[in-house]
Amino acid sequence: MKNVYTKGKHFTKEQIQPVVVEYIRNHGGEVSNKEIDRFIISEFGISFGNLSEVIAGVRSFDNRVVNVRRGFSKYVEGGDNE
Numbered sequence: 000m001k002n003v004y005t006k007g008k009h010f011t012k013e014q015i016q017p018v019v020v021e022y023i024r025n026h027g028g029e030v031s032n033k034e035i036d037r038f039i040i041s042e043f044g045i046s047f048g049n050l051s052e053v054i055a056g057v058r059s060f061d062n063r064v065v066n067v068r069r070g071f072s073k074y075v076e077g078g079d080n081e
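Numbered per numbering that gives the first Met the number 0, the sequence shown spans residues 0 to 81.
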């Protein structure tokens, strides 16, 4: 599936990843990938064809975001990025 840009703008991963990290942090520290998907669509107007690659990129960008169980990511304090 292709990425769909509903607002007609393109964003770089450098623009998206820090915002997603803050979203996870500000929403109780643990969110579902579906919640992240809805947030990205709402905030950036992008529906990613392969959300798992986006989530993996966010985890690679900031090691405080970890996989806690299938379909969920969590923000943990005290990682190397602080």
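Everything labelled a hint here was simulated from the structure, so no lab data went into it.
Be aware that a few hints might be false.
Keeping only pairs whose Cα atoms sit at most 27 Å apart, straight-line, the calculated DSSO-like set for lysine-lysine is [stated by the list, open to error]:
no., residue 1, residue 2
1, LYS33, LYS73
2, LYS33, LYS8
3, LYS12, LYS33
4, LYS73, LYS12
Taking CB as the label site, the calculated pair distances span [stated by the list, open to error]:
no., residue 1, residue 2, range
5, ASN66, LYS12, 38 to 48 Å
6, ASP36, GLU13, 18 to 28 Å
7, GLU76, HIS9, 25 to 35 Å
We treat Cβ as the ideally placed atom computed from N, Cα and C, and that holds for glycine.
Taking the hints in turn, this is what the structure says about them:
1. Annotation: proposed proximity of LYS33 to LYS73 holds, straight-line Cα distance about 13 Å (limit 27 Å).
2. As the CA atoms of LYS33 and LYS8 are separated by approximately 22 Å, the hinted pair is consistent with the 27 Å bound.
3. Only pairs whose Cα atoms come within 27 Å are accepted, and LYS12 paired with LYS33 is accepted, the gap being roughly 18 Å.
4. For the suggested pair LYS73 and LYS12, the alpha carbons sit about 19 Å apart, so the restraint of at most 27 Å is met.
5. For the pair ASN66 and LYS12, the supplied restraint of 38 to 48 Å is violated, since their beta-carbon distance comes to about 18 Å.
6. Distance hint for ASP36 and GLU13: a CB-CB separation of about 20 Å, consistent with the stated range 18 to 28 Å.
7. One distance hint, 25 to 35 Å for the beta-carbon pair GLU76 and HIS9, holds here, with the actual separation near 33 Å.
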